[in-house]
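Colleague: Since the structure of chain A is provided, determine the placement of chain B on it from the hints.
There are 2 protein chains.
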Amino acid sequence: MDTETIQTLFPLVAGVLAVLFALYLARDVLRRDKGPQAMQDVGAVIREGADAFVKRQYTTIAVLAVVGAVIIGAVIGIVETEDVADVPSLAGSPIGLMTALAFLVGAGCSMLSGIIGMSISVRSNVRTASAARRSLVEAVQVAMRGGAVSGFLVVALSLLGVWAIFMAYQTFIGDVTVAEAPFLIVGFGFGASFVALFAQLGGGIYTKAADVGADLVGKVEAGIPEDDPRNAGVIADLVGDNVGDCAGRGADLFESTAAENIGAMILGVAAFAIASAAGWPNPEGWIFFPLVVRGFGLLATIIAVAFFIRGREDEDPMNILNRGYWATTALSVVGLAITTFFLMNTGDATGSNGIPAWVWFFFAGIVGLATSIAFVYITQYYTAGTFRPVREIAEASKTGPATNIISGIAVGYETTLVTAVTIGIALLASHWLGEQAGLVNEEGRNVGGIFGTAVATMGMLMTTAYILAMDTFGPITDNAGGIAEFSRAESSAREITDRLDAVGNTTKALTKGYAIASASLAAFLLFSAYIDKVNLIQRNRGGEPLDAVNLADVGVFVAALIATMLVYFFSSLAIRAVGKTAQSIIVEVRRQFREMPGIMDYTQKPDYARVVDITTRAALREMVAPGIVAVATPIAVGLLLGYEAVAGLLMVGTIAGVLLATVLNNGGGAWDNAKKFIEAGHLKDAAGNVLGKKTDAHAAAVVGDTVGDPFKDTAGPSLHVLVKLIATITLVLAPLFIR
Amino acid sequence: MDTETIQTLFPLVAGVLAVLFALYLARDVLRRDKGPQAMQDVGAVIREGADAFVKRQYTTIAVLAVVGAVIIGAVIGIVETEDVADVPSLAGSPIGLMTALAFLVGAGCSMLSGIIGMSISVRSNVRTASAARRSLVEAVQVAMRGGAVSGFLVVALSLLGVWAIFMAYQTFIGDVTVAEAPFLIVGFGFGASFVALFAQLGGGIYTKAADVGADLVGKVEAGIPEDDPRNAGVIADLVGDNVGDCAGRGADLFESTAAENIGAMILGVAAFAIASAAGWPNPEGWIFFPLVVRGFGLLATIIAVAFFIRGREDEDPMNILNRGYWATTALSVVGLAITTFFLMNTGDATGSNGIPAWVWFFFAGIVGLATSIAFVYITQYYTAGTFRPVREIAEASKTGPATNIISGIAVGYETTLVTAVTIGIALLASHWLGEQAGLVNEEGRNVGGIFGTAVATMGMLMTTAYILAMDTFGPITDNAGGIAEFSRAESSAREITDRLDAVGNTTKALTKGYAIASASLAAFLLFSAYIDKVNLIQRNRGGEPLDAVNLADVGVFVAALIATMLVYFFSSLAIRAVGKTAQSIIVEVRRQFREMPGIMDYTQKPDYARVVDITTRAALREMVAPGIVAVATPIAVGLLLGYEAVAGLLMVGTIAGVLLATVLNNGGGAWDNAKKFIEAGHLKDAAGNVLGKKTDAHAAAVVGDTVGDPFKDTAGPSLHVLVKLIATITLVLAPLFIR
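Residue numbers (numbering that gives the first Met the number 0), protein chains in the order written: chain A, 0 to 738; chain B, 0 to 738.
Looking at chain A on its own, in the form it has when it is part of the complex (with noise of 0.2 Å):
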C-alpha cells in the first residue's frame, strides 16, 4: 500500500481497534464481582437514577438536535446554495441537507458515546467499592478501565465520525475534492457542540445542586456525615457525579476533538494548496494530519491503559495513574515524529535553516504535549494542599467563612496569571516554529504559523482519550466510596476508597485544565477556520476577503464587549440554576426529615427517589436558559454586526471564556481541598492545636467549598463548552452574517 492509501484507512483502523479495546474494558469490568448484596443495593438505586436522568436529558437534547438540524439545513440551504452554484464540484450538491445531515451525525456520536459511557461508569462504581475490600491496586484498574471505556469511546467515535463524513462527502457525493470536504462537514462540529452544551449544563446543574444542597442540609444543618444514608439527598448526589462529571466532561472533549480535527482539516487546505503547487509527494497529507496523529494518540491510550496501570499496594494511587500518564506522551510522541515525517512531506524544500517542515511541526506538536504537561502541574500547585494557594485559604478559614471566601476568590483570580503566560508562550512558540516551515502560499503569505498552532493543539489532544479515562475516574471512585460509606463497608475498604477519591478529585481537576488549555491553544485555529470559510464564501461570492479582524472598528468592539459580557451572563444563569434547584433540595430534604422523624435513628428510610426526581426535573428546566442564551447571542451579533463583528465576539469570548473558566475551576479546586486540608488535621491555632472537623474553621471551610461547587463543576466547565459553540455556531452560519 502507499502513503496515501494507509493515511486514509488508518484513522478508521486506530477508530475501531479503540471502539474493541473500550468494549474489552467493559466486559472485563462488567464480570468482576458486586461485593455483598448492601454494595449491589446502593449501586442499583444510583444506576436507576442516573439512568432516569440521561434517559430524560437526552431524550430532551434529541429533540434540541432534530429542531436544530431542520433549522440550520433550512438556512444554509437558502443562503448558501446560490454561493456555490458557480463552483463546478459544488453545483446543485445538497449543501443545506449535507450541514444538517453532519450536525446530526456529530450529535449523534457525541449522545451514543456519553450514553455507552456513563451506563459503564454507573456499573464501574460498586466493583470498585467491591474491590476496595481486597485490594488497591485491583480497585484502581477496575476503576480506571471503567474510566477508559468513556475515555475511548468519546475520542474513537469523534474520529469516526469525522472521518466517516468527511470520507462520504468527498467519495460520494458530486465532485467534492479533498480540499472543499473539509468546509462541508463543519456541521458535526456544530453538532457535538450543541450536545455538549446540554449535557455539560443539564448534568453540572444537577451534580452541584445535589451536591450543594444535601451538602447543606445533611453536614451543616443535621451535623450527620458526608454520604451519610439519612440524608434524602445522598443519592442523588451520587447519582450527580456520574451525569456531570463522566456524560458532561465526555461530551466537553468530544467537542473539542470534534471541532478541532475540523478546523485543523480547514487549515490543511491551505497547505494542501500549496503542497499541489509546488509538487510535494504527499499533499492530502496536510488534510488528513489531524485524522491520523489522533489515531497515534489513541493507539499510545490503549498500550498505556492495557500494561501500565500497574504499581505496589503501598503506593501513592496517582503515581499509578502518572505512569500510565507519561507512557501515553512518551508514545504519542513517537506517532507525533512518524506522522509528521510522512504526512508533511515537502521532498527536497526545507524551512529556515535547511530544516525540514516537518521537524519544524514535530517541534510545534512537542510544544503542545508540553502545554499539556504544564497544566496538570498547574492545577495541581493551584488545588493541592501541598502547596501555598490551599494553605492559604485554609489559613484564612481561622477568621470565617467571609476571609476563606475573600481568599479564594483571590486565589481564583491569581491562577490567570500563569494560565495565560503558559498558552501566551505557547502560542507564540507553535506560531514561530510554524513559520519556520516555509509555506508560502500564493499570495507571498507564510500560513505556517497559524498551521504550527494547529499541530500544537493535535499534539496536546493526543492524550485525550487517557485525560479523560482519569478523568472519569474521579465519579467512579466517588460513587465507590460513597456506596462504601452508604452501605457501612468494613473500614479498611473505605480506607481505600477514601484515598482513591482524593486522587480523583486531583484527576478531575487535571481535566478542567486540560480542557481549557486546549480551548485557547484551539482558539486560534479555529479563528483561523472561521477565516478561511468566510473568504471562501466571499470568493464565491466575489465579495472582498477579509484580511483582518480590526479592533479599532466600532462594531468588533461592541462585539467583544458583547463577548465578554455573554461569559459573565451566561455563568450567572448556570450558577443562579444550581442555586435554585438546591434550594429546592434542601426545601424536600428538610421536610423529611421535620415529617419523617425516624430518619435519624434509622428506624425510617428517606424518600431518595422523590429527591432524585425533583433534582431531575429542576435541572432539565433550568438548563434551557443559558442554553438559548449561548446559542442566541452569536447570532443575534451576527445579524446585527456582521461577520467581522463575530470575529472579534470569537477570539474575544475564547480569552474571557477560558479566563473566567480558569478562575472557577481552580478557585472551586482550592477551596475544596482546603477543606479537605483542614479534615485531614493539618491546620493549627497560634497554640499549635489541631484545627480539624466540628471547628469553626472547617465550618468556613465547608461554606467556601460549598460556594466553589457551582463554579468547578457547573459554570466553569459549562464556559469549555460556550467557547467551542462560538466557534463551530459561527464557522456553519458564517454565510448568513456576510451581507
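Derived from the structure by calculation, the hints contain no laboratory data.
Among the hints, erroneous ones may be present.
Copies of the same chain are indistinguishable here, so a pair counts whether it falls within one copy or spans any two.
Unchecked claim - Here are the simulated BS3-like pairs of lysine-lysine, each with C-alpha atoms no more than 25 Å apart in a straight line:
hint : residue 1 : residue 2
1    : K579      : K683
2    : K218      : K604
3    : K693      : K218
4    : K33       : K54
5    : K683      : K693
6    : K675      : K693
7    : K33       : K218
8    : K218      : K579
9    : K675      : K692
10   : K683      : K54
11   : K675      : K33
12   : K604      : K33
13   : K33       : K692
14   : K675      : K54
Modeller: Quick look at chain B alone, frame taken from chain A:
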C-alpha cells in the same frame, strides 16, 4: 472679543470661578458648629488618623511620582527627540523635559485636589453630625457642600491644569502649533493616572481592611454594634471612609477628566485639519471643545449646588440630591448646545440630510448625558433593596452564607448584561451620529464617528463635579453616623444620620457606575488617540501607518489574553491586600479585647491609635505590588510584542476591566444592601415571621457584605484606574514600542 478669544479664556474663567466657589463652600462649612465636646473629640481623632495616613501616603506617592517623572523624561528624551528633529516647529524642543513636567503638573494637581478635598471632608463629618441634631435639610446641605468642595476642586484643577500646560506649551515654547500641543501634554494624563492608581489602591485597601477587620471582630465575634466605641478598630474604619471613598474616588475622576480631555483634544486635531482645509470659521474650536464644554459643566454644577439643594424636612433625602442632579443635567444640555453651536461651526457645509454638523454632535453629547442617567438607574436597580436582585440575595441568606455568596456572585455577573448593552448602544449611536456630521479628511476617511464617541464622553462628563459631590456626601454622612453613634448622640440625630448614610451608600454606588460608564465610552476615544499618536510618530519616522489593530495577529491575541489576565491578577492582589491587612487588624483587636477586659464594660478605653497605625503601615506596604504590576505589564507587552499588540492590550483590557469592575462594584453593593434589607426587617420566613438582626439569615448576609467590601471599594474602583492608566501609559510611551 471674538469667538476664538472667548473659547480660549472661558475654561480659565469657569475653572477659577469653580475654585472660588469651592473656597466659599469650604468657608461656609467650616463656620458651622461642631456640636458637643464628645462629637468634637471623635471628629478630632478621625481627622488626625486621616491626616496621618494621607500625609504618609502622599509623601510616598510624591516620591514615586518624582522617580517616575525622571524615568519618563529620560526615556522620551532619548527615543522621541530624534523623531521630531525634522519637524520644524518641534526641532530642538526639550520633548523629554516637557513630558516629565506635564507628568509632574498632572500628579501635583491631582494630589492637591485630593488633599484639600479630604481635609474639608474630615471637617464636614462632625458638622453634619451636629446639624443632624437640628434638621435633616441642614445636615444634607452641610454634607453636600462639604462633598462639593472635592467635586469642584477635582474637576476645576484638572481643567485648569490641562488648560495651563496646553497654553504654556502652545504659546511660550518654540513654534509649537495648536495642532501639535495636544500630543505634548499627554504626560499630564499619565501623571494623574499614576497618582490615582496609588491613591485608590492605598485608600481602598485601608478603608476595607479596617471595615472588614472591625466588623468581623466587633459585630460577628463580640456581638457589639457597628461603630461601637468598645471596638478598637472603629476609628480606623471611620478614617478609612475618608481616605478611600473621598480621596481615592476623587483621584479616579480627576484622572478621567484629565485623560479624556487630552484624548478628545488629540482627536480634535484631525477635525482641526479638516476645518482648516475647508476654510470653516473656527478650526481651533474643535480642539478647545473638551475644555469649554467642561467649563459649562462646572457652571451648571455651581448653579445646582447653590440653588437646588433644598427640600422639606420630611422628604426622602435622595430626592433633594436628585433635584440637584437633574438641574445640573438640564443646564448641561444648554451648555452643550451653546458649545457645539459656536465651536463646531462648519460655515455653509452640512452633514447628512442637510443638517449642520453641530446638531449631529449635539445629539452625540446628549447620548452621553443619557448614558449617565441610564447608569444612575441601572445601579439603583441592582443595588437597591426595592428590586429583585437584592431581594434574591436576601432570600438566599435563609439557607446560609454559602447560598448568599452564590446568589451574590450570580447577581454580580448578571449586571454585566445591561451594562454592556447600554454601553454598546451608546457607542454605536454616538458613532453613527458623528458619522453623519460630514467630517471627511484628506484621505477620504470619515473621522466623525470617533469624534462622535468623544463628544458623547464629554457630554457624560459634564456632570462629574456634581456626581463627585454626591459621592463624597457618602463618606461624610457615613462618618457623621459613626460620630453620632460613637458620641452617643440623641436618637433623633442618629435617626437622621442613618437615613443620610443609606442615601450615601446609594450615591457611592452611583458614582462607581458613572465612573465605569465614562471609562467605557472613553475607551474608544483614548484608543483612537493612541492610534493618532502612533501614526504621528510613524509619519516622523517614515514608517507605515497603523490602519487596523488585527485580532488575527498572534501578538495582538496574546496581548489581549495578557490584558484580561492582568485585570484578574491585579484584582487578586488588591483583594488579597485587604485580606492580609484585615487579618492583622483582627489579631490586634482580639488582643485588645483579651488583654484589656475593661473594654467591654467601658471601664477601659481601647487603643484606637495602634489600630490606625497598623492599618496605615499595612495599606501603604500592600499597595506597592498591584501598583507595580499595573505599570509594568503594559510596558513589558509593548517592549516584547510591539505597538499593535499594545493597542490590543488597551482595548481588550478596557473591556475586561470595565466588566470585572461592574461585577465587583454591583455584586458588592447588592450584598451590602441585602444585609440592610434584612436589618430593616423586610425578610420573612415561610410562616411570615420577620428574620431580622441576630438571626442566622442576618449572619449569612453579614458574610456576604464582608466579602463584597473589598470587591466594591478596593478592587472595583482600582480597576477603573487601571483601565485608564493603561490608556495614558501607552499614549505617553508609544514611541518606545515602535521599532
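Colleague: For K683 vs K54, is the C-alpha pair at or below 25 Å within one copy, between two copies, both, or neither?
Modeller: Close neither inside one copy (48 Å) nor across copies (39 Å); limit 25 Å.
Colleague: Quick one: K218 to K604, C-alpha cut-off 25 Å, is that within a copy, between copies, both, or neither?
Modeller: within (18 Å within a copy, 42 Å between copies)
Colleague: Could you place K579 and K683 in one of the four classes (within, between, both, neither) given a Cα distance threshold of 25 Å?
Modeller: Between copies, since 18 Å is at most 25 Å while 36 Å is not.
Colleague: Between K693 and K218, at a C-alpha cutoff of 25 Å, which is it: within one copy, between copies, both, or neither?
Modeller: Both ways: K693 and K218 sit 10 Å apart in one copy and 22 Å across, limit 25 Å.
Colleague: Quick one: K675 to K33, C-alpha cut-off 25 Å, is that within a copy, between copies, both, or neither?
Modeller: So K675 and K33 fail the 25 Å test inside a copy (29 Å) and across (55 Å) alike.
Colleague: Indicate which option fits the pair K218, K579 if close means a Cα-Cα distance not exceeding 25 Å: within, between, both or neither.
Modeller: Answer is within; shortest intra-copy Cα gap is 19 Å, inter-copy 30 Å.
Colleague: With identical chains treated as interchangeable, where does the CA-CA distance between K33 and K692 reach 25 Å or less: within a copy, between copies, both, or neither?
Modeller: Neither: 33 Å inside a chain and 53 Å across chains, both beyond 25 Å.
Colleague: Which holds for K33 with K54 at a C-alpha limit of 25 Å: within a copy, between copies, both or neither?
Modeller: Only inside one copy: K33 and K54 sit 24 Å apart there, 73 Å across copies, limit 25 Å.
Colleague: Give the relationship of K675 and K54 under a CA distance limit of 25 Å: within one copy only, between copies only, both, or neither.
Modeller: Classified as neither; 34 Å inside a copy, 45 Å across copies.
Colleague: With 25 Å as the alpha-carbon cut-off, assign the pair K683 and K693 to within, between, both or neither.
Modeller: Close inside one copy (14 Å), not across copies (30 Å); limit 25 Å.
Colleague: Taking 25 Å as the upper bound on the Cα-Cα distance, should K604 and K33 be classified as within, between, both, or neither?
Modeller: For K604 and K33, the Cα distance is within 25 Å only inside one copy (23 Å; across copies 69 Å).
Colleague: Which holds for K675 with K692 at a C-alpha limit of 25 Å: within a copy, between copies, both or neither?
Modeller: within (10 Å within a copy, 32 Å between copies)
In summary, the numbered hints that this structure violates are 7, 10, 11, 13, 14.
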